[in-house]
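Model the full structure from these sequences, guided by the hints.
Protein chains: 4
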Amino acid sequence: MMQTELANALVEAGRFFFSRGWVPATSSNFSARLDDERALLTVSGRHKGRLSSDDFLRVSIESGFSLEVGRRPSAETLLHTQLYAREPAIGCVLHTHSMPATVLSRLTEGALALEGYELAKAFPGVSTHESTLTIPVFANDQDIPRLAAEVDAWINRHGMPVGYLIEGHGLYTWGATVDDTVRHVEALEFMLECELWLRRVG
Amino acid sequence: MMQTELANALVEAGRFFFSRGWVPATSSNFSARLDDERALLTVSGRHKGRLSSDDFLRVSIESGFSLEVGRRPSAETLLHTQLYAREPAIGCVLHTHSMPATVLSRLTEGALALEGYELAKAFPGVSTHESTLTIPVFANDQDIPRLAAEVDAWINRHGMPVGYLIEGHGLYTWGATVDDTVRHVEALEFMLECELWLRRVG
Amino acid sequence: MMQTELANALVEAGRFFFSRGWVPATSSNFSARLDDERALLTVSGRHKGRLSSDDFLRVSIESGFSLEVGRRPSAETLLHTQLYAREPAIGCVLHTHSMPATVLSRLTEGALALEGYELAKAFPGVSTHESTLTIPVFANDQDIPRLAAEVDAWINRHGMPVGYLIEGHGLYTWGATVDDTVRHVEALEFMLECELWLRRVG
Amino acid sequence: MMQTELANALVEAGRFFFSRGWVPATSSNFSARLDDERALLTVSGRHKGRLSSDDFLRVSIESGFSLEVGRRPSAETLLHTQLYAREPAIGCVLHTHSMPATVLSRLTEGALALEGYELAKAFPGVSTHESTLTIPVFANDQDIPRLAAEVDAWINRHGMPVGYLIEGHGLYTWGATVDDTVRHVEALEFMLECELWLRRVG
Numbered sequence: 013m014m015q016t017e018l019a020n021a022l023v024e025a026g027r028f029f030f031s032r033g034w035v036p037a038t039s040s041n042f043s044a045r046l047d048d049e050r051a052l053l054t055v056s057g058r059h060k061g062r063l064s065s066d067d068f069l070r071v072s073i074e075s076g077f078s079l080e081v082g083r084r085p086s087a088e089t090l091l092h093t094q095l096y097a098r099e100p101a102i103g104c105v106l107h108t109h110s111m112p113a114t115v116l117s118r119l120t121e122g123a124l125a126l127e128g129y130e131l132a133k134a135f136p137g138v139s140t141h142e143s144t145l146t147i148p149v150f151a152n153d154q155d156i157p158r159l160a161a162e163v164d165a166w167i168n169r170h171g172m173p174v175g176y177l178i179e180g181h182g183l184y185t186w187g188a189t190v191d192d193t194v195r196h197v198e199a200l201e202f203m204l205e206c207e208l209w210l211r212r213v214g
Numbered sequence: 013m014m015q016t017e018l019a020n021a022l023v024e025a026g027r028f029f030f031s032r033g034w035v036p037a038t039s040s041n042f043s044a045r046l047d048d049e050r051a052l053l054t055v056s057g058r059h060k061g062r063l064s065s066d067d068f069l070r071v072s073i074e075s076g077f078s079l080e081v082g083r084r085p086s087a088e089t090l091l092h093t094q095l096y097a098r099e100p101a102i103g104c105v106l107h108t109h110s111m112p113a114t115v116l117s118r119l120t121e122g123a124l125a126l127e128g129y130e131l132a133k134a135f136p137g138v139s140t141h142e143s144t145l146t147i148p149v150f151a152n153d154q155d156i157p158r159l160a161a162e163v164d165a166w167i168n169r170h171g172m173p174v175g176y177l178i179e180g181h182g183l184y185t186w187g188a189t190v191d192d193t194v195r196h197v198e199a200l201e202f203m204l205e206c207e208l209w210l211r212r213v214g
Numbered sequence: 013m014m015q016t017e018l019a020n021a022l023v024e025a026g027r028f029f030f031s032r033g034w035v036p037a038t039s040s041n042f043s044a045r046l047d048d049e050r051a052l053l054t055v056s057g058r059h060k061g062r063l064s065s066d067d068f069l070r071v072s073i074e075s076g077f078s079l080e081v082g083r084r085p086s087a088e089t090l091l092h093t094q095l096y097a098r099e100p101a102i103g104c105v106l107h108t109h110s111m112p113a114t115v116l117s118r119l120t121e122g123a124l125a126l127e128g129y130e131l132a133k134a135f136p137g138v139s140t141h142e143s144t145l146t147i148p149v150f151a152n153d154q155d156i157p158r159l160a161a162e163v164d165a166w167i168n169r170h171g172m173p174v175g176y177l178i179e180g181h182g183l184y185t186w187g188a189t190v191d192d193t194v195r196h197v198e199a200l201e202f203m204l205e206c207e208l209w210l211r212r213v214g
Numbered sequence: 013m014m015q016t017e018l019a020n021a022l023v024e025a026g027r028f029f030f031s032r033g034w035v036p037a038t039s040s041n042f043s044a045r046l047d048d049e050r051a052l053l054t055v056s057g058r059h060k061g062r063l064s065s066d067d068f069l070r071v072s073i074e075s076g077f078s079l080e081v082g083r084r085p086s087a088e089t090l091l092h093t094q095l096y097a098r099e100p101a102i103g104c105v106l107h108t109h110s111m112p113a114t115v116l117s118r119l120t121e122g123a124l125a126l127e128g129y130e131l132a133k134a135f136p137g138v139s140t141h142e143s144t145l146t147i148p149v150f151a152n153d154q155d156i157p158r159l160a161a162e163v164d165a166w167i168n169r170h171g172m173p174v175g176y177l178i179e180g181h182g183l184y185t186w187g188a189t190v191d192d193t194v195r196h197v198e199a200l201e202f203m204l205e206c207e208l209w210l211r212r213v214g
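Chains as they are written, first to last, in our numbering: chain A, 13 to 214; chain B, 13 to 214; chain C, 13 to 214; chain D, 13 to 214.
Honestly, the hints are just simulated from the structure, not real lab data. In this text, all values refer to a predicted model and were calculated from it rather than measured experimentally. Warning: the hint list may mix true and false statements.
[Stated by the list, open to error] Only some residues are given here: those of chain A computed to face chain D with a beta carbon under 10 Å: (1) T38; (2) H109; (3) M111; (4) P112; (5) H181; (6) G182.
[As the list claims (entries may be wrong)] List of simulated lysine to aspartate or glutamate pairs, EDC-like, C-alpha gap at most 16 Å: (7) C/K133 with D/E179; (8) D/K133 with A/E179; (9) C/K133 with C/E179; (10) B/K133 with C/D192; (11) A/K133 with A/D66; (12) B/K133 with B/D192; (13) D/K133 with D/E179; (14) D/K133 with A/D192; (15) A/K133 with B/D153; (16) B/K133 with C/E179; (17) B/K133 with C/E24; (18) A/K133 with B/E179; (19) C/K133 with D/D155; (20) C/K133 with D/D153; (21) A/K133 with B/D155.
Glycine is no exception: its CB is placed at the ideal position from the N, C-alpha and C atoms.
Right under this line is the structure:
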């Protein structure tokens with residue numbers, strides 16, 4: 013896909029997420045892989061429901077640094093680029109900031125186990141509701157390199173999850189394409205909302 | 013109705029369900045009867061809020077097989093065709109995947125009894141809120157023929173319900189026309205949401 | 013206001029209520045006063061989010077009967093006309109069918125007292141949040157004349173409320189104009205949703 | 013910014029808040045600073061989701077009085093002008109009236125402490141989720157000068173909060189620009205909704 017197509021797909025994703033209330037107050041950030049070296053990432057502090065082609069910049073997958081003079085990427089760039097660097101099959105990373113992700117991340121120690129959901133099959137390689145999706149929850153940290161190291165350490169120990177939560181902060185998930193990753197956001201947000209209700213009603 | 017009209021009505025239904033969050037992550041599937049032998053069914057894995065005429069194919073009501081070379085129907089085709097085969101008055105079958113259907117199906121053993129709802133009158137033959145709607149809940153099963161046999165056995169024993177739930181998976185309901193069936197989805201989703209709140213607040 | 017203007021205002025109200033999920037599955041019905049003798053009422057069974065000028069008919073305020081040959085008004089016409097007959101200042105009656113109204117009506121004996129809400133001031137004659145709005149809850153009844161008699165008896169005893177609930181069935185409210193009555197629906201739906209949460213969290 | 017630009021920004025804010033259900037039944041009011049002496053404020057009782065340029069008037073920041081003959085500002089004008097008068101950096105004040113703000117304000121004594129939220133960083137000068145946002149809750153009062161004095165006394169004692177709640181009445185927040193203040197409303201509404209769920213599920 014060309015850069016403009018990828019940007020348009022991310023703009024569209026932002027519109028959808030905004031309509032659901034998953035990207036409040038300029039939170040969240042989106043990215044897509046351009047090639048082996050570069051990714052396209054949302055510029056810091058933009059309204060995610062009204063993104064324009066001007067709200068993206070190119071960053072280095074290796075360093076996480078901006079490749080455009082005088083333009084600052086999101087503070088959390090490293091959380092995107094570490095995934096592109098470690099897994100060539102990843103073409104998109106989406107960070108959303110919904111109420112269920114925020115609340116559950118504060119109520120869960122270590123990892124959230126999603127079990128018994130048909131929608132688990134939204135993820136590649138999952139063929140039955142009997143699979144368990146393990147979603148690690150990391151303590152929030154304003155020191156992003158340190159937080160990225162935590163994420164790397166967890167993946168080294170447990171293997172690649174389908175997504176993870178940051179406490180009081182939201183959800184990260186990824187996929188081969190923007191469309192796949194939007195589907196993963198939908199599936200995880202759905203299961204997180206179910207978990208909230210199961211904890212209350214169950 | 014002609015095939016194009018039926019497809020358009022299902023496209024419209026998908027748009028509405030998507031706006032309500034009832035068809036997340038390409039879940040759910042929709043069908044309508046074409047004649048005694050054939051039904052129109054959504055192709056597997058499409059976005060149910062953005063269906064086009066290309067996202068449907070014709071299947072055999074008797075076998076559940078695709079009547080179009082090289083196109084795969086949804087995995088759950090048999091759950092649609094068994095209803096058309098057993099009941100000539102059924103013209104549409106809609107499967108949705110909402111949070112309330114998913115959560116309640118996991119909290120209910122055997123069957124859910126919906127009682128005291130004026131909206132029960134949305135179903136043909138129901139003339140008073142004093143009727144009880146019995147919604148069976150089946151264990152989820154990736155073996156669709158086996159699951160279809162469970163559904164058949166239940167109907168043989170108890171008669172035709174207005175709809176049923178699959179655990180962690182969602183709702184099936186049906187009607188004479190697409191419009192009637194959309195109304196049945198709305199009525200059941202409404203009563204399921206009420207049940208969730210009644211269990212919590214009541 | 014002319015009949016077409018009143019019908020347009022009710023069509024618009026239906027679109028808004030549908031967007032909020034307050035008129036599911038062709039439930040609910042709307043009316044507006046034409047003059048001392050006649051009111052305009054929604055035809056039975058129409059989709060309240062997609063009303064057209066054809067979905068209304070004129071009924072007699074005195075008898076509740078249709079004034080148009082061969083067209084049937086909603087089963088609940090009498091619940092509208094009794095209000096026009098008893099109170100000349102009433103120009104519009106709206107019946108909605110939301111989840112909070114349905115759930116709270118099933119959990120409340122006799123009457124619901126709404127206290128401490130600034131939004132109580134949405135109703136004429138209410139100038140402070142310290143007022144209590146008493147919302148009677150009537151048992152649901154398919155015998156509408158009998159239910160209408162219950163409503164009349166309550167009003168004779170307690171005076172005119174700002175609205176009432178029917179158990180498992182929904183909300184009735186009214187006002188001088190369609191705009192005023194839409195505002196009353198919004199205010200009551202808001203307070204009912206607050207009450208649900210107060211009962212759960214409080 | 014010119015008056016028309018400010019009015020347009022407030023009209024747009026109202027549309028967004030209405031889509032979220034945060035300004036029911038003509039509740040809420042919005043304002044923006046024109047200069048050192050004057051602010052633009054919504055006229056009393058207008059539908060906040062359908063504001064037009066005609067729904068605003070100019071008021072004196074010093075007195076809170078209307079500067080337009082025969083046009084009445086909102087009853088709560090003083091709660092806006094006191095903020096412009098005390099803090100030159102404030103360019104916009106938004107009052108919303110959501111369910112979570114209404115319910116939490118009734119369940120909280122004194123002040124609500126928002127802790128552990130990444131979204132706290134939506135406010136100027138907040139650089140970490142470890143900060144605590146203290147949101148005072150004032151008893152509702154139809155005597156606005158008396159209520160404004162309460163607000164002033166609290167700020168004198170504790171310093172400027174990022175916003176405050178009035179019991180059973182809603183949220184006030186402010187910022188340098190309309191865009192900033194809309195972001196503050198989004199961030200506070202998000203955290204209030206999280207708090208409701210944390211109290212229920214946690």
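Can you confirm whether the C-alpha distance between A/K133 and A/D66 stays at or below 16 Å? violated, 35 Å
A/M111 as chain D interface residue, shortest Cβ-Cβ below 10 Å: Holds: closest Cβ of chain D sits about 5 Å from A/M111, inside 10 Å.
If you take the shortest Cβ to Cβ gap from A/H109 to chain D, is it below 10 Å? Holds - the Cβ of A/H109 comes within 10 Å of chain D, reaching about 7 Å at its closest.
Does D/K133 pair with A/E179 here, judged by a C-alpha cut-off of 16 Å? Distance of about 15 Å is within 16 Å: holds.
So if I understand the rule, the pair passes when the alpha-carbon distance is 16 Å or less; does C/K133 with C/E179 pass? Outside the cut-off at roughly 25 Å; violated.
Status of the A/P112 interface restraint (C-beta, 10 Å, chain D): Constraint on A/P112 satisfied, holds at 8 Å.
Distance restraint between B/K133 and B/D192, which requires alpha-carbon spacing of 16 Å or less: holds, 12 Å
Holds or violated: are the alpha carbons of D/K133 and A/D192 at most 16 Å from each other? Violated, at about 30 Å.
Do the alpha carbons of A/K133 and B/D153 lie within 16 Å of each other, as the hint requires? At roughly 13 Å apart (the allowed maximum being 16 Å), B/D153 and A/K133 satisfy the hint.
CA of D/K133 to CA of D/E179, is that 16 Å or under? This hinted pair is violated, its Cα atoms lying about 25 Å apart.
Using 10 Å as the Cβ threshold, decide whether A/T38 counts as touching chain D. holds, 6 Å
Is C/K133 close enough to D/D153, meaning Cα to Cα at most 16 Å? The given pair, whose Cα atoms are some 13 Å apart, holds under the 16 Å limit.
Going down the numbered hints, you'll see the structure goes against 9, 10, 11, 13, 14 and 17, while the others check out.
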